[in-house]
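Next come the chains, spelled out residue by residue.
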Amino acid sequence: MTAILYLIAGIIAFSLIMILKGHRSKKVILILHSAANIAISGYIMFACAIPETSGFFRVDHLSAFEAGLSSVVFFAASLYAGGYVTRLIETGELNPKSLRLFYGGFSILMTVTPLVFLSDNLALFWILAEITTVVSAMLVASLAARENIDAALKYIFIASTAMLFAFIGLIFLFEMSRTGGGAGTLNWSELMTMSQGFDPAVSLAAFFFVFIGFSAKSGIVPFHTWLPDAHSKAPSAVSAVLSGVLLNIGIYGIIRVYAIIRQVPETETAGMFVLFFGILTVFVASMMMLRQHNLKKLIACSSIENMGLILIGLSFWTPFAVFWVLFQTLAHSLTKAELFLSAGIIHRQYKSENPAEEDVICDAFDMQPAASVFLVAGALAITGTPLFPVFLPKLFILLEAIRFDPLMGLLILLFIAIASFALFRFIWNALSCRSDGAGIKKPDHYPVAKGMHIGIVFLLVLMLYFGIMVPDWFYNYLNMIISELGLGGAL
Amino acid sequence: MIDAVMSDTVRVILVLILITAALIISTRTLSALVRVYSIQSLLITILACILWFMTREDTLLLIAAITFAAKVILIPSFITGIQKKIHIRRDLEFSYLKPAGSIVVSLMLMLLVYVVFSGVFGSFATENPLFFLGSIVGVSLMLMGMLVTFSRKKTITKVMGYLSMENGVLVFGCFATELPFIVEVMILVDLIILVILTTILTIGIDSSLEEFQERLVRYHIWPSGEDEQ
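So the sequences go chain by chain: A and B. Following the numbering used here, the numbering of the first sequence begins with -16 at its first residue and continues without gaps. Following the numbering used here, the numbering of the second sequence begins with 493 at its first residue and continues without gaps.
The hints are simulated quantities; they were obtained by calculation from the structure and are not laboratory data. Source: prediction; values computed, not measured. Backbone N, C-alpha and C define an ideal beta-carbon position, used for all residues, glycine too. It is possible that part of the hints are untrue.
[To be verified] Selected chain A positions facing chain B (in silico; Cβ < 7 Å): (1) GLU113; (2) VAL117; (3) ALA124; (4) LEU136; (5) ARG161; (6) GLY163; (7) TRP300; (8) GLU383; (9) PHE387.
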C-alpha cells in the first residue's frame, strides 16, 4: 500500500497549487511535495518490508531504489525551480498566468514518476511512462516559444510512436504467459517466475519490440534525435529532471524485460543486440559532442553517451556488470542534474537575444563564480574523475568490456575519451574567455536566488558522499537488487 | 458454415482496414483524413463484434463499444473542431517520402512483417491462419501509421498517423491474444491526453509566436495573459 502514499501527497500538493494564488505559495508547496516524496522513499527503502505487493503495485529493492533516486533529483530541482521561474517571469519569457501549468505539471510529474517504478504490471508501467512523456513535454513547451513547442512535439512523437512498439512486445509477453500458464499476466514478478518455459524466438521478438519503445524514452541511438532539443530548450529545472530521472524510466523498463528474457534458455542474442546499440550510442553521442557549440545541448549529448554506457554494462548481464550499471544510474542522475542546474545559471546569464545564435560566455568566474565552480565540478564528475561517483562504474564497466573483448573495450574507451575531450574543450574555452580587450559587451548580472545554489550544493554533497566511499548499506542494497533480478549470488 | 462466412467477413474487413491505411498515407485534404480515420475505427469496431461472435469473449464487446465512442465519434470531432479554428485544410508538405513512395514502402514493410512473423510464430501461423493474418495486418497498419507520422510535416497530420498506429496495435491485440480490458482503457486514456496536448501545441507550431499567444487566448485553450516580449 506504500505506493498510494505518493499518490496522496501528489493529490494534496496538486490541489493546493491549483487553489492557492501567488508564486511564493506554489513554490513552497512544490518544495514540500518533493520533501514529502523523499520521506516516503526513505520509508519504502529502509523501513517497509520488501518485497511488498498490493494490487498493481509492487515494492522491491530495484523499484524502491529508482523511486528514491528520482525523489532526490526532484527535491534538488524543486529547490532550484522557484528562483529560476521568478526570473523567467521578470524577463517575460514565462507568462505569469502559466504558473499553474508549470507548477501543476511539475507536481504531476513528481507524483507519477515514483509510481512508474513501483508498478508491477507492465501495462500500467507503460501507461504511466507515457504520462510522464506527455507531462514533461508540456513542461518543455511551458515557455511557449516556437523552438520549445517544436522540441516538445518532436519528443512526444518519437517517444510515443516508439512506445507503441513496446506495447506490441508486451502483447507477446502476455500471450506467452497465457499459453504457458493458463491465465495471462503482465505482472513482471509473475513473468519472472514462469519465464523459463517461454519460447526463445518469441521471447527475443518481444524483447526487440520492447527495446525499441523503451530505448526511445532513454534517448538511445537511433531514437535519440529528440533528446538534445528537448533537454536544451526546457527550463533548466525541467532539464535536470528529464536527464536525471526520465531517462532512467526507459532503462528501468529495459532492465525489467531483459531480466525476464535472459532467464529463457538460448536468448543470449539479446545481449549482443543490447551491446551493439550501446556501442553505437556511445559512438554517435561522442561524435555529436565534438560538434556542439551550445552548453546545454552538449550536456544533453553527454546523457546519450552515458545511457549507451549503461546499455553496454547491461549487455554482459553478469552480477559484477549489473552492480556497476546500477551504480552508474545513481551517479549519472545526480551528476547530470547538478550539471544542468549549474549550466542553467550560466545559460541565463549569457542568454543570446537571438535564439538562433549561441550564447557567448565570457568572464564567467567574475559574473557567476559559484555556478562556474559547480559547472567545472560537474564536468569533472561526469567525465569520470576520481572522488566523484561516475569514476568507479565507468572504470569497471570498461574493464568488463575489455574482459569480454579487449579490442572492443579499447574502442569504447576511445569514444568515451573523445566525449570527455569535447566536454572539457568546451568548458575550458567558455570559462577561460576574458572580455579584456576583446571588445565583448558584458551582460547585466543575472541574480541567482539562494534556493538555486542550495539545490546544486545538495546534489554535490551527495555526489561526494557516494564518490568518496561506496557506503556499506548501498553496497548491500545493490546486491539485493542483483539477486532479485535472477542473477543469483551477490558480489 | 457460419464460421466460414465469419472468417471470410473478417478477411474482407482486414483488407478494407489496409485500404483505409493506404488512404491515410495518400490523402492530402485534412477533413477527408479525419473521415478516413473515423471509418477505419468503425471497421475495427465491427471487427471486434465479429470476433466476439466467434470467440464469445466479452472483453471484445467492451472494446468495440469504447472504440466506437472514442475513435469514431469523440476524437474525430475534436480534431475537426481544432482544424476549423486554425484554418489548415490541406497538408501538401512531405519530408523524405511522397505518398506514392510511402505506399511502395508500406507494401515492402508488410512483406517484411509477414516473413518475420512466419519465422517467429511457426506453428501458430498454420494452426490459426485467420489470427495470423490479423496480427500481420495489425503490425502493418502500425508501420503505415508510422510512415505518416514521420513523412508529413504538419503536426495535425502526424497526430492522425499516431492514431492510426494505435489502431494497428488494437487490431494486433484483438487477434494475437485476449488482453485484459483494463489495458484497452489505459491506452485510450493515453490517446486522449496525447491528442489534446498535441492539438493545443499544433496551434502554436503553425503560427508565428505572437499569433500563438493570441490564438490560445482567442480559443480559450490557454489562460489569457500578458503579451510576449
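Against the structure, the hints come out as follows:
1. The beta carbon of A:GLU113 is positioned within 7 Å of a beta carbon in chain B (closest approach about 5 Å), and the interface hint is therefore held.
2. With a cut of 7 Å, the hint placing A:VAL117 at the interface with chain B holds, because the nearest CB-to-CB distance is about 5 Å.
3. Because the closest C-beta pair between A:ALA124 and chain B is about 6 Å apart, less than 7 Å, the hint holds.
4. For A:LEU136, the interface hint holds, since its Cβ comes within 7 Å of a Cβ in chain B; the closest pair sits about 6 Å apart.
5. Taking 7 Å as the C-beta cut-off, the interface hint given for A:ARG161 holds, the closest approach to chain B being about 6 Å.
6. Interface restraint check: A:GLY163 against chain B, minimum CB-CB distance 12 Å, threshold 7 Å, status violated.
7. Annotation: A:TRP300 was flagged as interfacial toward chain B, and the flag is violated, the nearest CB pair being 23 Å apart, outside 7 Å.
8. A distance limit of 7 Å between C-beta atoms decides the matter here; for A:GLU383 the minimum to chain B is near 31 Å, and the interface restraint is violated.
9. Interface restraint check for A:PHE387: the shortest CB-CB distance to chain B comes to about 28 Å, outside 7 Å, so the restraint is violated.
Checked against the numbered hints above, the structure violates hints 6, 7, 8, 9; every other hint is satisfied.
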